[in-house]
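Novice: Next come the chains, spelled out residue by residue.
Number of protein chains: 4
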Amino acid sequence: MRELIEKVLSECKKYTADGRVADYIPELKKACPADLGICVLGGSETVELGDCDKRFTMQSVVKPMILLLALMDNGRETVERLCGVEATGKPFDAFNYSDMALRGEHINPMVNAGAIALCTLIGGEGKDEKFERLFSLVKRLSKNQSITVDEAVFRSERETGNKNRALAYMLKAYGMIDCDVEDMLEVYFKACSISVSCKDIANIALVLAHRGRDPESGEELIPAEYSRYVTAILAICGMYDGSGEFALRVGIPAKSGVGGGIMAVVPGKMGIGIYSPSLDKKGNSTAGVKVLERLSAALDLSIF
Amino acid sequence: MRELIEKVLSECKKYTADGRVADYIPELKKACPADLGICVLGGSETVELGDCDKRFTMQSVVKPMILLLALMDNGRETVERLCGVEATGKPFDAFNYSDMALRGEHINPMVNAGAIALCTLIGGEGKDEKFERLFSLVKRLSKNQSITVDEAVFRSERETGNKNRALAYMLKAYGMIDCDVEDMLEVYFKACSISVSCKDIANIALVLAHRGRDPESGEELIPAEYSRYVTAILAICGMYDGSGEFALRVGIPAKSGVGGGIMAVVPGKMGIGIYSPSLDKKGNSTAGVKVLERLSAALDLSIF
Amino acid sequence: MRELIEKVLSECKKYTADGRVADYIPELKKACPADLGICVLGGSETVELGDCDKRFTMQSVVKPMILLLALMDNGRETVERLCGVEATGKPFDAFNYSDMALRGEHINPMVNAGAIALCTLIGGEGKDEKFERLFSLVKRLSKNQSITVDEAVFRSERETGNKNRALAYMLKAYGMIDCDVEDMLEVYFKACSISVSCKDIANIALVLAHRGRDPESGEELIPAEYSRYVTAILAICGMYDGSGEFALRVGIPAKSGVGGGIMAVVPGKMGIGIYSPSLDKKGNSTAGVKVLERLSAALDLSIF
Amino acid sequence: MRELIEKVLSECKKYTADGRVADYIPELKKACPADLGICVLGGSETVELGDCDKRFTMQSVVKPMILLLALMDNGRETVERLCGVEATGKPFDAFNYSDMALRGEHINPMVNAGAIALCTLIGGEGKDEKFERLFSLVKRLSKNQSITVDEAVFRSERETGNKNRALAYMLKAYGMIDCDVEDMLEVYFKACSISVSCKDIANIALVLAHRGRDPESGEELIPAEYSRYVTAILAICGMYDGSGEFALRVGIPAKSGVGGGIMAVVPGKMGIGIYSPSLDKKGNSTAGVKVLERLSAALDLSIF
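Residue numbers (this note's numbering), protein chains in the order written: chain A, 1 to 304; chain B, 1 to 304; chain C, 1 to 304; chain D, 1 to 304.
Hint data in this document are derived by calculation from the structure and do not stem from the laboratory. Just so you know, nobody snuck in bad clues.
Because identical chains cannot be distinguished in the list, a pair is counted as satisfied if it fits within a single copy or across any two copies.
Only pairs whose alpha carbons sit at most 25 Å apart, straight line, appear in this in silico SDA-like list of lysine to any residue:
1) Lys163 x Ala94
2) Lys282 x Arg76
3) Lys281 x Gly175
4) Lys90 x Gly104
5) Lys281 x Ser156
6) Lys269 x Thr46
7) Lys30 x Asp178
8) Lys281 x Arg81
9) Lys282 x Gly175
As the structure is a prediction and not an experimental result, all values here were calculated from the model.
Between the sequences and the hints, there should be enough to build the whole structure, so can you do that?
Specialist: See below:
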């Protein structure tokens with residue numbers, strides 16, 4: 001398998017030239033557009049190749065974690081009252097939700113408005129405890145206690161994240177959330193700024209691929225029900241408004257982030273983490289998607 | 001398995017009272033709201049239970065067939081130029097596509113506008129030949145040459161289908177299709193009026209579940225690539241704007257129709273056909289969805 | 001005054017180069033883009049200058065006539081139940097009316113959907129009588145019994161008017177109108193194809209400027225209440241989605257058409273008809289607007 | 001005239017029962033719903049009747065003042081680059097501006113987003129000086145140096161104005177404004193909280209009615225061009241998304257506020273100020289609109 005992945009990686013390297021590094025958060029512009037790294041876990045061996053040592057911020061890859069913790073802390077009913085589960089047909093940062101009042105059914109956990117709303121459902125007394133609980137879940141699932149927050153990215157997001165700020169005040173204006181908006185944005189921006197490697201997100205994906213259990217020890221890290229819930233949401237809308245295209249070409253539940261990461265969950269089989277910061281217009285890593293398309297075809301990983 | 005299904009069916013019968021028979025096409029109002037029938041194919045035995053002898057019109061269940069034939073007749077590129085693949089976040093009969101000109105990327109093959117557009121891509125010289133080619137595909141995949149068109153439903157749709165007529169003229173106004181609109185609507189309305197049983201659609205589903213092959217003979221009835229394409233689209237947006245909810249609760253690619261049918265594709269395993277004409281607000285059979293939810297849980301059929 | 005108008009006309013001639021002749025109705029493309037004609041009635045003298053002998057189709061200039069007749073035949077309440085009076089903030093041929101069902105309050109008499117809806121309120125037994133009653137009102141108000149319909153434009157509109165056809169079927173789908181759509185479109189397309197001169201529409205405007213009376217004979221041609229109603233609607237939304245800009249720069253209630261005509265109503269004072277078929281992006285005559293802007297400034301015609 | 005107005009006022013008092021006092025800003029709920037006061041200036045006599053001594057906050061009535069000062073401080077071109085002039089077809093506090101990026105052409109000076117944007121164009125070094133310059137314009141035009149800010153209302157708006165906060169961050173996110181959002185909102189909220197009487201806003205209206213001049217002294221208080229600009233905008237969209245209806249029924253350029261005030265400008269003739277805090281669904285004073293409708297009919301004040 002290592003050889004196959006090596007071949008795919010070298011063939012797909014050229015696609016890094018088709019996209020652009022995210023620039024709406026100034027700090028993200030510093031990424032090297034030609035980077036491409038991968039970690040595949042779950043077969044007989046661990047494969048790490050390319051720029052797999054580079055660290056990148058989770059960005060939207062953290063959304064499944066927020067959803068997971070909101071589910072674990074509140075149960076499904078409370079979560080779904082606040083945030084729907086249908087694809088919105090809009091970009092992840094859309095404003096134009098409705099002719100009328102915004103309601104939970106207009107958003108979902110994989111768009112910014114939904115993820116920000118769900119941050120309010122994370123248990124804990126105030127922003128610091130809420131963030132720590134989320135951070136601790138990420139560290140536990142990625143089996144890496146040394147993960148840190150990229151403070152420069154965090155400050156950059158907080159300073160320039162006016163679209164998210166507008167969304168958050170809109171949620172508050174429509175009575176969907178009732179908390180200090182800046183506090184909640186701090187949790188969200190910090191979550192987006194958690195700095196990980198391909199292996200970290202591959203480990204998280206591996207747990208989801210095994211319905212919440214550590215495949216080695218068999219220990220339940222997440223309730224099976226919620227693990228499948230999150231995986232299904234990834235299949236429907238994990239790749240922004242390119243999720244349909246991705247389902248057709250790749251067929252693997254996955255979540256991308258504008259930091260260049262993709263966390264891919266092959267149910268029952270594998271967890272895959274990819275890093276390549278050149279993005280297409282919808283915010284997905286150009287080379288990362290190509291790598292997954294070829295691996296899916298070569299290894300018959302599609303769930304369809 | 002027969003016993004399990006029998007139990008599930010009797011438990012779910014009550015949910016027929018939660019919905020309403022479709023009334024926007026006058027002929028559909030004649031259905032009996034309490035009907036509930038099922039056919040499960042693909043295990044060791046064929047299970048047909050409940051009102052499985054009732055016939056019903058395919059309605060939107062024919063959309064995957066239109067897509068399939070459009071793919072087989074034109075290839076993927078032509079199809080995707082005319083009709084996108086992303087969930088629209090809107091009801092299936094939505095008008096309000098955009099602030100600007102309508103484009104292929106605003107629609108998909110599972111909403112009316114997309115399915116009508118794809119009818120123009122079906123090969124053949126004029127409306128009659130186009131319909132016959134589609135009809136013949138349906139008969140071949142369902143292994144039932146005696147299937148007919150329900151003429152009363154067809155006339156009812158043609159007479160009252162002004163929303164579809166408006167959508168078709170909108171497609172023409174934006175230059176997306178270039179044909180006689182009434183001719184094309186005749187193909188579409190007739191396709192929706194194909195009258196089938198649970199077993200018919202279960203047979204179609206079984207072929208899709210086996211990536212285009214007849215599971216008995218091993219013969220390729222549909223190219224594997226297109227079979228998976230259609231299955232993936234069903235997973236993303238086969239259950240109208242309730243597809244996300246359905247993915248979470250059931251996790252089986254499926255297509256519903258306002259005639260009360262649901263065609264469910266369990267990849268590698270089964271084809272399921274259900275008929276129960278009481279619909280929820282989004283147009284999905286209330287009891288049908290419940291039956292699938294319980295079967296999925298009991299038999300571990302979710303793809304996630 | 002003649003000299004002033006002559007000067008303005010010659011200064012504004014150059015603005016005909018800033019726009020483009022309408023091309024979405026093929027027949028309209030035959031117009032000469034540099035044409036510029038005017039007729040000003042209501043001062044001590046009649047002034048006709050430039051290409052004032054050219055004939056052009058009324059197009060949207062007929063909308064106030066449709067509204068007027070609908071008001072005269074039904075009264076205000078019935079009209080307003082079918083068709084609202086607020087500016088829509090959208091182009092005249094917009095589809096994207098709402099997230100929900102289309103209702104009267106979403107449209108107004110100066111957008112296509114509203115004008116088509118109002119055609120159903122014109123008294124008379126069937127399309128021919130309805131059109132004749134409208135045609136006869138136009139002839140009476142313009143004091144010109146020799147006005148004709150441009151049959152080539154009519155056929156061209158009927159053949160290519162799929163956006164209007166889509167709008168009409170949408171009105172029917174939402175239960176707002178209940179009639180044969182093609183019949184009603186025939187009334188509308190024929191109304192748009194009435195062929196007039198600058199003097200014809202200046203005469204109509206003069207009647208509206210005098211609250212429904214013939215300023216010479218004093219005879220009431222239209223009830224005063226309805227004359228003012230129509231004039232007010234022109235001020236709010238007579239110049240498509242450029243009505244605000246026009247109010248600021250010109251300040252005269254007016255209606256433009258994509259045939260190049262502008263009918264301007266100076267309350268208590270004048271009726272002005274202009275023809276110049278080069279249009280800006282919103283569908284208003286480029287040179288025509290400039291001429292009115294200068295005349296308004298020079299003669300202090302703004303109502304504000 | 002005094003008798004006429006007295007009669008109209010007493011007849012219209014009952015319409016105060018048709019509306020509701022604004023409650024989205026908590027402090028506004030304290031108003032007495034049955035209040036109805038008026039001040040008419042500009043005929044031979046000053047008429048003040050009913051609850052004309054009550055003070056109320058300007059709310060949206062201050063928007064024309066913000067527009068005026070932005071015009072005076074920057075000229076028309078700069079103002080129109082930031083903020084369009086077309087009716088939006090949406091409620092004043094709408095979010096759903098576009099499928100795409102928000103641009104100046106999507107808003108206008110009479111909706112919240114536009115008025116907040118224009119606050120950034122007011123001259124002066126920082127929020128306090130900006131507000132003082134606006135406040136001083138209001139005092140000068142209303143001929144009342146003793147006008148104050150209602151601090152309780154201001155605090156209430158600042159605390160609960162999350163929809164305006166969201167709009168302001170949206171303007172910033174799209175690069176339309178570049179300033180401290182909270183500072184700018186302070187200017188806006190304070191402007192909305194300026195506390196006036198009917199006579200104060202009647203005086204402002206009187207200046208606009210005389211194209212910027214004090215009708216007594218003849219002194220130019222506002223450039224004529226800008227006075228007419230503002231008056232025209234009021235005619236098009238001064239009464240929220242009820243401006244069309246108001247133009248048809250009343251025909252007087254006017255601006256309403258959710259504090260219950262209406263400032264009505266009868267060009268060349270009068271300035272009228274009305275206070276009655278019971279509002280209809282669009283935010284206009286129910287009794288206030290009725291009073292103006294009857295006065296307009298009785299005194300022939302319509303500009304159409």
